[in-house]
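Q: Can you make the complete structure from the sequences, with help from the hints?
In the order they appear, the protein sequences are chains A and B. Numbering-wise, the working numbering comes out as the position in the first sequence, counting from 1, plus 963. Numbering-wise, the working numbering comes out as the position in the second sequence, counting from 1, plus 963.
If you're looking for bench data, these hints aren't it; they were derived computationally from the structure. Any given hint could be a false lead.
Treat identical chains as interchangeable: a pair holds within one or across any two.
[To be verified] Capping the alpha-carbon separation at 20 Å, the derived lysine to any residue pairs in SDA-like fashion look like this:
hint : residue 1 : residue 2
1    : Lys-1064  : Leu-1297
2    : Lys-1064  : Glu-1259
3    : Lys-1256  : Gly-1135
4    : Lys-981   : Arg-1105
5    : Lys-1258  : Asp-1167
6    : Lys-1258  : Asp-1300
Protein chains: 2
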Amino acid sequence: MHGPPGGEELVESLGSGKFLFSLVISYTETCEIPGITAAGAAPELFQYTPPADAEFLHYGRCRSIDGIPMTPDGKPTPALLTKAALESASIPHVVIGAGSKVPPMMPYMETGLHWGGNITQGPAMARDDLLRAIDYGRIIGRTLSSLTDCLVIGESIPGGTTTALGVLRGLGRKARVSSSMPENPVELKEHVVENALRRGVSEDPFSVAASLGDPMIPVVAGMASGACGSSKVLLAGGTQMAAVLALGEKLGIGGGVAVATTSYVVDDESADLVESVGAAGVPVISVDPLLSKSKEPGLRAFSEGFAKEGAGAGGAITAAMLKTGTGPREFLPLAEDEYRRVLSAQ
Amino acid sequence: MHGPPGGEELVESLGSGKFLFSLVISYTETCEIPGITAAGAAPELFQYTPPADAEFLHYGRCRSIDGIPMTPDGKPTPALLTKAALESASIPHVVIGAGSKVPPMMPYMETGLHWGGNITQGPAMARDDLLRAIDYGRIIGRTLSSLTDCLVIGESIPGGTTTALGVLRGLGRKARVSSSMPENPVELKEHVVENALRRGVSEDPFSVAASLGDPMIPVVAGMASGACGSSKVLLAGGTQMAAVLALGEKLGIGGGVAVATTSYVVDDESADLVESVGAAGVPVISVDPLLSKSKEPGLRAFSEGFAKEGAGAGGAITAAMLKTGTGPREFLPLAEDEYRRVLSAQ
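A: Rendered as structure tokens:
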């Protein structure tokens, strides 16, 4: 537990409750800047990672691509951890399309949003579309929170930490963001955001988020704002959720909200998640899934800085442990089983 | 309560439970045959009726059209009754796009299905698409039923009773179907279906439903089949639900399922809902919303044979009464308030 108070009570209140996991899939052309992301085996595959993550969660295999989403050097998607966690605790899931370039081959909640533009070349989206993203997010959040005790919100968007940095910087925050690569390309991200900032920064936070962000950020901010009145909310992600909360401050995201993520993000010295999230008055729950102790090199990689988090893995593991009253020791063999199942199916 | 046993126990078991209402919106070009439907003020507006019904449920006003869906002579959409019922009992709702020609201007669950073809001109849909519709329906049904005690499934598809008749006839049933008009154009519907049957009827029920039906039917059949294992299911509709159940027999729709509709459909002498639904072993719950006693001519019209049912009105009223422990006497003033609110907003 890190940051402002409230985390302990929130965790205690969730022990016997019902959870619903939602995965918000999106796309930003910013990920096409060489070296920005490793969320796909090759640049032309980045657009398939979000729908493939969604399909993997549901079917246990992808339909939009062969195999599962990988980094260029063959590290698997963290959706593998998400799936192992949700399945172990029978937590239902829904997928939300928030400007995914490729629709998932399964039923999902559609918002009709276009994907985000490359922020070095122009605004990510029109301000009107950002407002619609927030509005539709609010509707989704209200509906889903009425059906559960705790809404867990994860995301899958390649290049999303760079657009998160854009929103944080545009709103005047000093935050540093994490990465899906062990060597965080901090300088490249800062350079991209500096370039984007040169287009001029409005005083209006909605214009800032429309200009420098991506469609996932306003949809998740809207969802959290719409949900927090009637259920608890776990924002399942790393530093991207700091950007969600920075925008969310303008929307009245109240109590009963925490960020839940892996210890690999919280411990990332190139980032400052707890400070960024704490600035919004929100606690951070971090979980160490003990992957450093795994016999499987593909799982150990997460603990060595690859991916670290994604597809809501940290929040899903937290929710599963709370629901089943178990801990990381019980989770590790489940993750290993899932990893071997996926490998043997390749 | 009508038809096979099971209805009483189902109603009793629902008294203190949670309800979730789902509206499946779709389209069939069959509705473009002159005289087949009154689900829209003019033929070019039929395609907007399903999304407009969905928007009305959510926002209390439509966004895809001015005003609300009307018959050509100005009778309002039964979604008005659905909304009054859901709101009075704080029952949440989700919208499911199952081949709607026009997407609703709100978040909704997307299946990626194309709308249905005119069954006099060719198959409504490819058999593969029908199987996908069932599969996606099953996924949606499983997810939604895990979040509630009773999933209520309504539909909005202009021309849907004719395609329902097509599926029933194609499967060898003698059923007669109801209509949104007081003078049911029975001969025209039978003529349309006879024409469609001339294309030849397969022995395979999936091919029959693909050839003679519409995309709503397999999606709802899949939803009911996916849901009935973990929650109760109310099929909120008239004779179209008989077609859903005829297809659903092949999918293992089990216990805990009932059709819930208005007494106006059950009492329609040109149709035989109780017999058609009873053939699938499913009871019919009918509710008389006492609209014949309303001071508002637009509401009395429902009791005089206009619309009769639609947008899941009968099932929504049933669910609201069960949840709040009230009856038709309490519902009537709510419907009148909603009617006046809509009229004054025009």
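Q: All the hints need checking, so say for each whether the structure fits it.
A: Hint-by-hint comparison with the structure:
1. Taking the shortest alpha-carbon separations for Lys-1064 and Leu-1297, neither the intra-copy value of 32 Å nor the inter-copy value of 44 Å comes in at or below 20 Å.
2. Taking the shortest Cα distances, Lys-1064 and Glu-1259 never come within 20 Å of each other, neither inside one copy (33 Å) nor across copies (49 Å).
3. In this assembly of identical chains, Lys-1256 and Gly-1135 lie within 20 Å of each other by CA distance neither inside one copy nor across copies; the values are 40 Å within and 63 Å between.
4. Taking identical chains as interchangeable, the C-alpha atoms of Lys-981 and Arg-1105 lie at most 20 Å apart whether they share a chain (16 Å) or sit on different chains (16 Å).
5. For the homomeric pair Lys-1258 and Asp-1167, neither the shortest alpha-carbon distance inside one copy (50 Å) nor that between copies (51 Å) is at most 20 Å.
6. Taking the closest pair of Cα atoms, Lys-1258 and Asp-1300 come within 20 Å of each other only inside a single copy of the chain (11 Å); across copies the shortest separation is 66 Å, beyond that limit.
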